[in-house]
Amino acid sequence: MFAREEEVLAAAARWRREGQGVALATVVQTWGSAPRPVGSHLVVDAEGRFLGSVSGGCVEGAVVAEATEVIADGQARLLEFGVADETAWQVGLSCGGRISVYVEKVD
Amino acid sequence: MDLALLEALNAERAARRATVLVTELGSGRQRLVRPSDVEGDPLAAPLAEAFRTGKSALVEEGNERVFLTAQVPSPRLVITGAVHISQALAPMAALADFSVTIIDPRTAFATAERFPGVDIRAEWPEVALPALRLDPHTALVALTHDPKIDDPALAAALAAGCFYVGALGSRKTHANRLERLAGRGHAPDQLARIHAPIGLDIGSVSPAEIAVAILGEVIADLRRKPLRRERAA
Numbered sequence: 001m002f003a004r005e006e007e008v009l010a011a012a013a014r015w016r017r018e019g020q021g022v023a024l025a026t027v028v029q030t031w032g033s034a035p036r037p038v039g040s041h042l043v044v045d046a047e048g049r050f051l052g053s054v055s056g057g058c059v060e061g062a063v064v065a066e067a068t069e070v071i072a073d074g075q076a077r078l079l080e081f082g083v084a085d086e087t088a089w090q091v092g093l094s095c096g097g098r099i100s101v102y103v104e105k106v107d
Numbered sequence: 001m002d003l004a005l006l007e008a009l010n011a012e013r014a015a016r017r018a019t020v021l022v023t024e025l026g027s028g029r030q031r032l033v034r035p036s037d038v039e040g041d042p043l044a045a046p047l048a049e050a051f052r053t054g055k056s057a058l059v060e061e062g063n064e065r066v067f068l069t070a071q072v073p074s075p076r077l078v079i080t081g082a083v084h085i086s087q088a089l090a091p092m093a094a095l096a097d098f099s100v101t102i103i104d105p106r107t108a109f110a111t112a113e114r115f116p117g118v119d120i121r122a123e124w125p126e127v128a129l130p131a132l133r134l135d136p137h138t139a140l141v142a143l144t145h146d147p148k149i150d151d152p153a154l155a156a157a158l159a160a161g162c163f164y165v166g167a168l169g170s171r172k173t174h175a176n177r178l179e180r181l182a183g184r185g186h187a188p189d190q191l192a193r194i195h196a197p198i199g200l201d202i203g204s205v206s207p208a209e210i211a212v213a214i215l216g217e218v219i220a221d222l223r224r225k226p227l228r229r230e231r232a233a
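Chains as they are written, first to last, in full-length UniProt numbering: chain A, 1 to 107; chain B, 1 to 233.
Derived from the structure by calculation, the hints contain no laboratory data. Please read these numbers as outputs of a predicted model, since none were measured by experiment. Built from N, CA and C at the ideal position, the CB exists for glycine as well. There could be a bad hint or two in this list.
As the list claims (entries may be wrong) - Part of the chain B face toward chain A, derived, beta carbon under 7 Å:
hint, residue
1, L5
2, E7
3, D97
What the hints assert, rightly or not - Cβ pair distances, simulated, as ranges:
hint, chain 1, residue 1, chain 2, residue 2, range
4, B, G117, A, G57, 25 to 31 Å
5, B, E24, A, A72, 48 to 54 Å
6, B, A48, A, A72, 35 to 41 Å
7, A, E6, B, D189, 30 to 36 Å
8, B, D201, A, L78, 45 to 51 Å
9, B, R16, A, G48, 30 to 36 Å
10, A, S33, B, G203, 53 to 59 Å
11, A, R49, B, G28, 20 to 26 Å
12, A, G57, B, R34, 32 to 38 Å
13, A, R17, B, P136, 44 to 50 Å
14, B, E113, A, G48, 57 to 63 Å
15, B, E24, A, G57, 27 to 33 Å
Pulled out of the complex, with its shape left as it was, chain B reads as follows (with noise of 0.2 Å):
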C-alpha cells in the first residue's frame, strides 16, 4: 500500500468521516471510497454495503478479488460526570476501543490529576456538547446526579440519535427525570431509549464493578442493534 494512500485512510478516520479502502487482491491497486462517491461506482452495491454495515468483505468482481476495508467512526462514549466510576470507566471503555470524552463544569472533579489522559472539559454540558457534535455512534452517559449537568446531556444525546443513552440512578430519581425531560417536550417513546437504572444487572457494588456493568450495556447496544443507528444516521 502506498504510505500516502494509508496517511489518507488515517486522517479519515482520525476526523470520524467514512471511508472504504479497495483493494484489488491480483493486482494489488487500492483506492479509498468516499460515501459521495458510491453512486455510479462499479461497485455501487456492495459499498453502499460496507458504509452501511461497517463491516469489511471480499467481493467477487468476475475473475477479480477485492476486499473492501470498511472504516466507519469508531464508537465513542461521552460521560457527564468526573465522578469515582467515571475513573473506572474512562480506561476500560478506552481499553475497548471508545474515544472517551468526560464533561464536568465542577473544577474540582474534572482535573487532569484524577483523570491522566483522558479527554476532560471542564464545562456545561451546554458549552461543551455542540463542539463534539454527537451522533449516532456515540453513546451518552450521565453520572453526576445532577440534574443541571445530566438534563441537558440526555436531552442533547436523545435528540441526536446516539446509540446508548444511560443515565445512573434510582427507579424514583429516574421517575422525577422524566418528568423534567417530557416538561422539556421530549415524547415517551424518545424518553424509553434512556437506560435506567443504568447497566447490566451483574450485582455491581463498587465503583469499578459499575463501570463494567455500563460498559457491558452499552456494548451490547452497539453490537446488537444496528438498525438503530442506521435509522437515526
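In isolation and in its complexed conformation, chain A is listed as follows (with noise of 0.2 Å):
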C-alpha cells in the first residue's frame, strides 16, 4: 500500500498499540544527491513489515534488517549509506549521494 508521509507515523503508533514490537526510521542527514529528504520516515515491525521510505528501495532492505536488531535489543542506531561505505555496507545508493538514517525503537 502507498503511504503518505504522516501515515507512517500513525502506522507506527497503531502497530505498537497493537502489541507489536515497533522501530522507527528517520533520514537525519544527505550529503549530495540523495533519493529521499532530510525528515522521511521508514517504519518496521518485528516479523519486517514495513511502511513509507528512507531512500528509492536502495538501502530499504539493510534498514528493515538493523530495525529488526533495534527491537530486540532496545538500543538506537545511527546507520550510514553511501558509495563510500561500500566495504562497510553490501548496499549503497546508485545516486552516488550519502545518507545517514536514525533508527529508535517505539516503546
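From the two separate chains plus the hints, produce the assembled complex.
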C-alpha cells in the first residue's frame, strides 16, 4: 500500500498499540544527491513489515534488517549508507549520494 | 521513542498545529516543542528556523548532535464544485499528501457515491468555510463556473492568504469574475493572485488531464513560493 508521510507515523503508533514490536527509521542527514529528503520516515515491525521509505528502495532492506535488531535490543542506532561505504555495507545508493538514518525503537 | 510522545506528535499533526520533535542522537532523549516554547529554549534559533521553513534538520550543539523533526500542517486542498474534474482531482491530490475537502451546495453533485472516501460538504461556501478555517497552508480551487458558489470561496481564500487560489473558466469568464470581485472591494494586486485560466498549460482536454494541470500548478506554488506563505502566516 502506498503511504503518505503522515500515515507512516500514524502506523507506527497503531502497530505499537496493537502489541507489535516497532522501530522508526528517520533520514537525519543527506550529502549530495539523495533520493528522500531529511525527515523522511520508515516504520518497521518485528516481522519485517514496513511502510514508508528512507531511500528510493536502495537501502530499505538493510534498514529493515537493522530495525529488527533495534526492536530486539532496544538500542537506537545511526546508520550510514553511500557509495563511500561499500566495504562496510553490501548495499549502497546508486545515485552517488550518502544518507544517515537514525533507527529507534517505539516503546 | 516513547509511544506517548509519538501519539502526542500525531495528535498535533491531526489538529494542524506546528510541532518540532527534538531528538538527541547520542542519548536518545526526546521532547516536543511548540511554537510558543521556542523563546528561551537553548535551541531557539534552529527551532525557529524549523518552524519557519517546515524542514527537518540536524543540529550540532557542542558535542551533541540533535535532530529536529519539523512537523507543520500538511497542505490542504479545498475545492468548490463536486464536478467531473473534482472526481479526478480529489484522489490525485490525496495521493500527493493533500487533505482534500469539496464544497458544493448542489446535493445532486455532492454525494458520497460520486466521491467515495472524500470529505464532501453539501453546503454553501459561506456556511462550510468558517469551520474549515482557510490558512496559508491551504489551496483553494473554484470549479463550479457558478459565481454564487465560486465568488465567496475565492474572496475567503484571498483574505486568508491561501498559498494557491485558482478558478476555472475562460479568459472572458475570468474578466467578468475580476469585475465582480473588485466590486466587493478586492484590490487589484489581490485579484492578480488568482490563477485563471486554471492549471499548467499542458494542453489538457479530459477532466483527468485538467486535474493533472491544476495539481501541477498547486504543487509548483507550494514548493516554489514558501516566502508568500510565511509573510501571510
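| message | So, as I understand it, the hint says L5 (chain B) touches chain A; can you test that by seeing if any CB pair is closer than 7 Å? | response | 9 Å, violated
| request: Return holds or violated for the Cβ distance of R16 (chain B) and G48 (chain A) against the range 30 to 36 Å. | output: Cβ of R16 (chain B) to Cβ of G48 (chain A): about 33 Å, so the range 30 to 36 Å holds.
| Hint check for G48 (chain A) and E113 (chain B) - Cβ pair distance inside 57 to 63 Å | 39 Å, violated
| request: For the range 30 to 36 Å, tell me whether the beta carbons of E6 (chain A) and D189 (chain B) fit it or not. | output: About 34 Å separates the Cβ atoms of E6 (chain A) and D189 (chain B), which means 30 to 36 Å holds.
| message | I want to verify a distance hint. Is the separation of the beta carbons of D201 (chain B) and L78 (chain A) within 45 to 51 Å? | response | About 46 Å separates the Cβ atoms of D201 (chain B) and L78 (chain A), which means 45 to 51 Å holds.
| request: Report holds or violated for the interface hint on D97 (chain B), using the least CB-CB distance to chain A and a cut-off of 7 Å. | output: Since chain A brings a Cβ to about 5 Å from D97 (chain B), closer than 7 Å, the hint holds.
| message | Min Cβ distance, E7 (chain B) to chain A: is it shorter than 7 Å? | response | OK, holds: E7 (chain B) within 7 Å of chain A, min 5 Å.
| task | Confirm or reject the claim that G117 (chain B) and G57 (chain A) have a C-beta distance inside 25 to 31 Å. | result | This hint holds: roughly 28 Å between Cβ atoms.
| query | Holds or violated: 53 to 59 Å for the Cβ distance of S33 (chain A) and G203 (chain B)? | reply | 32 Å, violated
| request: Could you tell me whether the CB distance from A48 (chain B) to A72 (chain A) stays inside 35 to 41 Å? | output: At roughly 39 Å between Cβ atoms, A72 (chain A) and A48 (chain B) fall inside 35 to 41 Å, so the hint holds.
| query | Taking 27 to 33 Å as the hint, is the beta-carbon distance of E24 (chain B) and G57 (chain A) inside that range? | reply | This hint holds: roughly 30 Å between Cβ atoms.
| R17 (chain A) and P136 (chain B), beta-carbon distance inside 44 to 50 Å? | 33 Å, violated
Violated hints for the displayed structure, listed by number in ascending order: 1, 5, 10, 13, 14.
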